[in-house]
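Residue numbers (my numbering), protein chains in the order written: chain A, 1 to 495; chain B, 1001 to 1418.
Calculated directly from the structure, the hints in this document are not laboratory data.
Treat the hints with care, as some may be off.
Claimed, not checked - No more than 20 Å apart at the CA atoms, straight line, and that leaves these computed lysine to aspartate or glutamate pairs for EDC-like: (1) A:163 - A:236; (2) A:132 - A:48; (3) A:295 - A:341; (4) A:180 - B:1284; (5) A:65 - A:227; (6) A:178 - B:1284; (7) A:295 - B:1124; (8) A:178 - A:202; (9) A:178 - A:268.
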Amino acid sequence: MARLNPEIDHLLRRAGFGVSAAEVDTYRDMSFPQAVAHLVDYEGSPDDVDERIGRPDHARVIPSKATPTRDLFSPDIDIDDARQRWMFRMLHTRRPLQEKMTLFWHNHFATGYSKLATDSGMLQGAKLLVHKPGILRGPAGQVETLRRQALGNFRNMLLDMAKDAAMLIWLDGQSNTKAKPQENFGREIMELFTVGVGHYTEPDVYAAARVFTGWNLQPSADYTNDDYGSMNAYQEFVWRPDQHDTGAKTFSFPIYSDGGRTIPPRPESDGLQDGIDLINALVMHPETARRFARKWWNFFISEIQPPDPAFVEATANVYLQNRSEIRPVIRFILTSPWFTDPANRFARFAWPVEYVTRAIKEVGWQNLDLNTVRSPMAAMGQLLYEPPNVAGWHLGVDWFSTGTMLARANFAATVAAGQKDFLAASLAPEVNSADGLLATMLDRVTPAPFDQAPQQALMTYLLADGPWRGTESELNTRASGLARLLVGCSEYQLI
Amino acid sequence: MSVSRRIFIRDGVATVTLGLAAPSFLSAIANAQGLPNRRLVVIYLGGGNDSLNTLVGYRDAAYYSRRPSIAVPAGQVLQVGTDASGMTMGLHPRLTGLLNIYNEGRLALVQRTGYPNSSRSHFEASDIWGTANPQSSTGSGWLGRYLDTLPRPLDALAAWNTTGETPRALLSGQSGVPAIPNASTYTFGSPNRGQAALQERAAAQTMAANSAPGRPHLAYLNGASRGAIETLDRVALAGQYTPTVVYPNNGFASALRTIAGAIVRGIGSRVYWATTGGYDTHADQGGGGGGAYANLMGTLGDGLGAFYSDIRNQGLAADTTIIVFSEFSRRISENGSAGTDHGAAGVMMVLGGSVRGGLYGTAPQLSPGHPTLENNSGDVRYETDFRSVYARVLDNWLGVNSVSILNGDFRAGAPAVF
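Kindly produce the complete structure, drawing on both the sequences and the hints.
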């Protein structure tokens, strides 16, 4: 297998999770614009990844909490099974950008399972985040809602999040009432979900809390907050007009297109409109557009160079001109000169989930059980569905400390150990020297370019027991050891 | 130095440790540099600790009227006496582990610590406590700047962070801090055993030694890799520690046990960092007897109690100081969810075998309009600038000049805890 051209490799690292041997053929004959279109207009590719769970030639999932009475893989109601399903999707999807953007939104609306499970029990806590409608009753889980509109309209997404059952528990909207307004969601919708610190005031927080009074939660009749209640029970958004503060709410920024800053007093029956007015204003606030532009600079272009002001203005304009539609913005970014500038290749620090997925794609997943990647990922600092707080994970260099770096390198050892025999068997026909082994491996495993000293260290390792002999055991040892060094090194942490 | 080689097999992956035989060798590095053998343990209560329920003014009628469902009943508090303003105070009933230390005169409770115009954003506020600059939540941290004053070459374990992410307080331009949540899993993995595994380790070390000219981001990652590989053996030594007490079974206590192991094994770290989270109690925080906040207090008090006993049993308490802080306290009145929203000034704790314990500063009085309050009496007004506590720790404990590290003189009004 030869690599794709460097521009498409770059695209697939950033807009996807790298390329496996099995996927190379999909992209080999595409031009760069065709590859962008393939990723961005992903409705043209089958959404069949969940159907392929359990098929041969795919990574395996196992019921993480098998008991004598319950041994089904249950990704709609068990959080560890759901973690496996998401890893499976990222590994095997035909729509990598949809998964990539879902990951982006999960970090943006960072909601943690533990608090949900404390509130609602383990089963309902998981269902709130990951339920994919189809088999069980109840609304979609939060991350399924994000996946469905991963490149949709941010206005609709934010409205969905304001009504999302997991969010109502996570930021305490379930108890936001006119007698005791709850500030948590009111603050974070401005600080974290839209305009950001510096563009709202403390009185805005009080006003936003009052706007969302009555945006509460109601359980289905069969709901209990036991750890193992009814699978079909659920919680959902309810609008309680009698709990809504009907008074006027004044903000420090315009709410209406005429510049008006005050949401007028309304009768209870119309009170839901308050929240819609505020969401509309926040979504189209120029600082929201700029904040996304900066976040997407870091996500797609570079974490090494600060956001180029020209990029921020151009991207913010595309967002505003398209009335908060995300797809045209991402298409603009991926085809922009900033994205294709070769200086920006390998200029982003891989999140643990990106690192792990790419490592598995490039080294292999034979006999791999996806339940085993959870604990190494936690040691690297990223457990899916468990962001450290509502601001999401600390990205960029903050992923890296001695401890998390060691966790990454040791995951490389685990992957290499698991694929040891398969690697050797697949390399044997092609490799008859140490140079050949390094070159062939670098065709599959793709760290940022090496300087001379680390490249030399790899050759020294391959020849540490003397000249290449070409025995089976030598290839077995050195191929897996080399995979461990390549995937575990600093150069591989960059995408 | 004698070296012993052990190879462990875990999950089919060989892990290689080169064990250093003589523990005394390790702190010799620090001693050779002429540093005092003192250490600071920093505990961050993540989420904004509700100080009014940590240290309760249980004779203040307004405390009960403003917190009808979450107040700690007067009969349950652990009494700690009367402060300079005549307020009678008590600790949360689940802080029995801290009460013992208080009664030994080794726990200082510094009331109403904070700064002007306190940030109510978790992220900005915790960064401000890190930078020690209310005007800027970016840049280096106060402990990072302290580490920068230590002699070079800096020992790779000059500080030890037990959390996965480096907190702002430990950030610096010149001194990387390793993150080691668990000493016993801090090992070098390999798909091979024996000689090949050792060869891999050597190759990884050489690769990480590349200074990566022109690619500072890569150099940064290599620094993390190098720090890991170079500290593996000493960390493994700390991981072999058997405590003198039973620690509770939770992440916070496990971090404290790791720190105790590092201290007892003479690793020589000057600063340790641990975090316990869950303090963002917007809803159902509970009162004295049970509920979320009582569990938080149990985790804190039992963990610190075990840690303090352990290091005291080892004869090391007099060289150890622990400070406890949170990014802000919470609003005085409870909200509609039987919880509390983001507030302002709160309690800092300083404890250790050389600490002068007691109640410092004055408690807030919660009747609306009282001068100890702010924000229309919604929040507690700060009395002691948190930087003056830092100043005291830097000047009188770590033995460095606080003025240069804090970029200002905050010695005035500092609580005389040492």
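Hints that the structure is at odds with (numbers, increasing): none
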